[in-house]
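My request is simple: use the sequences and hints to build the entire structure.
Protein sequence lines, in the order shown, are assigned to chains Z and E. Position one of the first sequence corresponds to residue 1 (the UniProt record's numbering), numbered consecutively onward. Position one of the second sequence corresponds to residue 1 (the UniProt record's numbering), numbered consecutively onward.
Hints are supplied without guarantee of correctness; some may be wrong.
[Stated by the list, open to error] Derived pair list, reagent style SDA-like, types lysine to any residue, alpha-carbon separation capped at 25 Å:
#1 Z:K190 / Z:G200
#2 Z:K35 / E:L124
#3 Z:K35 / E:A218
#4 Z:K186 / E:I203
#5 Z:K186 / E:L41
#6 E:K80 / Z:P142
#7 E:K70 / Z:G158
It should be emphasised that the hints constitute simulated quantities derived from the structure, not laboratory data.
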Amino acid sequence: MSSMAPPSGRRIRHGKASFRRSLASAAGPIATALKYASLFVATAVVLIPLMTLLMAAFKTREEYSTTGPLEPPSSWFNFDNFVTAFTRGNMIEGFINTSIILVVSLVGTIIIGTMTAYAVDRFEFRGRRLILGLFLVATLVPAVTTQVATFQIITGLGLFNTRWSAILLFMGTDIIAIYIFLQFMKAIPKSLDEAAMIDGANRLTIYARVIFPLLRPAIATVVIVKGIAVYNEFYIPFLYMPAQDLGVISTSLFRFQGPFGSQWEVVAAGTILVIIPTLVAFLFLQRHIYSGLTSGAVK
Amino acid sequence: MAALRERCRPAPQPSPRVSGSRGTARRSWRATPWLFLLVPLGFLVLFTYVPVTNMVWYSFTSWDGLDQTKDPVGFDNYVKIFTEPEIFSVFLVSIYYLVAALIQLALALYFATILSFRTRFRNLFKGVVFFPYLLNGVAIGLMFLYFFRPDGTLDALVALVGVNDPPHWLGDPSIANYALAMTSVWRFMGLNFVLFLGAIQSIPSELYEAADMDGATAWQKFRYIILPGIKQIVGLSMILAISGALSVFEIPFIMTGGANETSTFVIETINTAFTFSQVGLASAMAVVLLCIVLFISWAQRMIFPEGKSDLV
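In structure tokens, the structure reads:
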């Protein structure tokens, strides 16, 4: 059996290979067959809902009502449903609003997160542990429950039905990002700060010129993890931005259920349009997404 | 000079040699971290601690969300939650998701284990199993509405094996929660899988070599090397799965809107607050859920004491 599995690290390559070989010989052909069978079943379970949706998206209205869901469309080049979804389904506004919110809240999250991490990791001050504790406890509060009271704050600030509501909530509640920065900053030697300080740099300069550039890999991780979360977020825009022209991709797609309720071929096309950016991002950033989630999810 | 020295005095380590200018430098140095923390702390307080505090306050009132006055009602809202069966019974819906979460963890552990061994198309399988986790929740909801709808994909699939009178997967209350819980497994399994796979791959290979020399079987390697090596992450995932199952919201909200006995505690809370304008009662419900989640997290720290603390 020639394996195509890439070694995850050169140092452990030999050990792992010999371990795998011995497992294959121990497990025998039946176990190997079962293993691949289970993998193919899993692949089918993942792909069938996606593929049937993709097929429906290419069908004409008449074709959709006369053919079954497992039958492929007569033409894979019928993009009418995608055009309908994009123009009449407010998907353009959705993508524009999502992009604006994504960019602003990412920039904000990065600035806030790096500043917090810098202050907490590089300074000894009274109340430091208390601050860390406040951030830590906040990770335990499920955001969906507190919306009952957060709503009053957003309306009180006059932000209801503005993009700022989503932007501020995405920026202000991302404690995971702070932890990613904090973990990464611990690995940056303090002697760099001290050297800069001897050269006469003040703390703000050290933060902006020394620390921030060195945090680039952590920033990339936060951009990926946070970017996916913001792109997929449904509830906050649904609750705070109900205006028709403030739809983000989640809420625009959610509103398909009304006008296109019976036109499943258009709903399917809209859904595929939302999935495509995710697929592209995944194909290009696979490795970063895996490692980002591993460091981000285990807060 | 004298005034400056005077103001420096309350400092914790007053040095008698401190001159006026050095005193000023010290003071600004001490304020610096707080300048960096000003905005982050402001956000933390405004969007986490103020809402939680307000929520507790509202929960003891009969507030409708608009009225100028908030009438205190004592523990009435809490009594209502635990005595009115239609409110508390939705907690039972969590059991479907709880069981589904255990299935999800078991599947994730299985696929992580077999893919940590030599496998053809390993990266392809890894990507396919993981990909659903990245998808937009609304897209997943609509996709599975299409999958489960009458004459939809699932009906066509079961017709292939001869079932021509399939049930209404989402319309029949005795089945709908299973369908939704399975959708949830489809969505979230990939995350657990990737976390487990990462943990398995970080186990030092020397352990496997030693096991090989001792002639260990594949099962023994799993039981005595892999399982202890990933205990921490499995424990954490289990806690997250439990609190996730209790606060299920998106999938049932998007797919059924809570109809056909699929409503969850969070959907009820949201409807109570924003549809029925009973902010007081809804706040009490949210406080109950918050307490449960905090208790589970606390229990996790008791059961798995190490880890996490490295940041402080």
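Tested hints:
{"no.": "1", "hint": "Z:K190 / Z:G200", "in the structure": "holds, 16 Å"}
{"no.": "2", "hint": "Z:K35 / E:L124", "in the structure": "holds, 15 Å"}
{"no.": "3", "hint": "Z:K35 / E:A218", "in the structure": "holds, 13 Å"}
{"no.": "4", "hint": "Z:K186 / E:I203", "in the structure": "holds, 23 Å"}
{"no.": "5", "hint": "Z:K186 / E:L41", "in the structure": "holds, 21 Å"}
{"no.": "6", "hint": "E:K80 / Z:P142", "in the structure": "holds, 23 Å"}
{"no.": "7", "hint": "E:K70 / Z:G158", "in the structure": "holds, 21 Å"}
Figure legend: structure checked against the earlier numbered hints; every hint is met.
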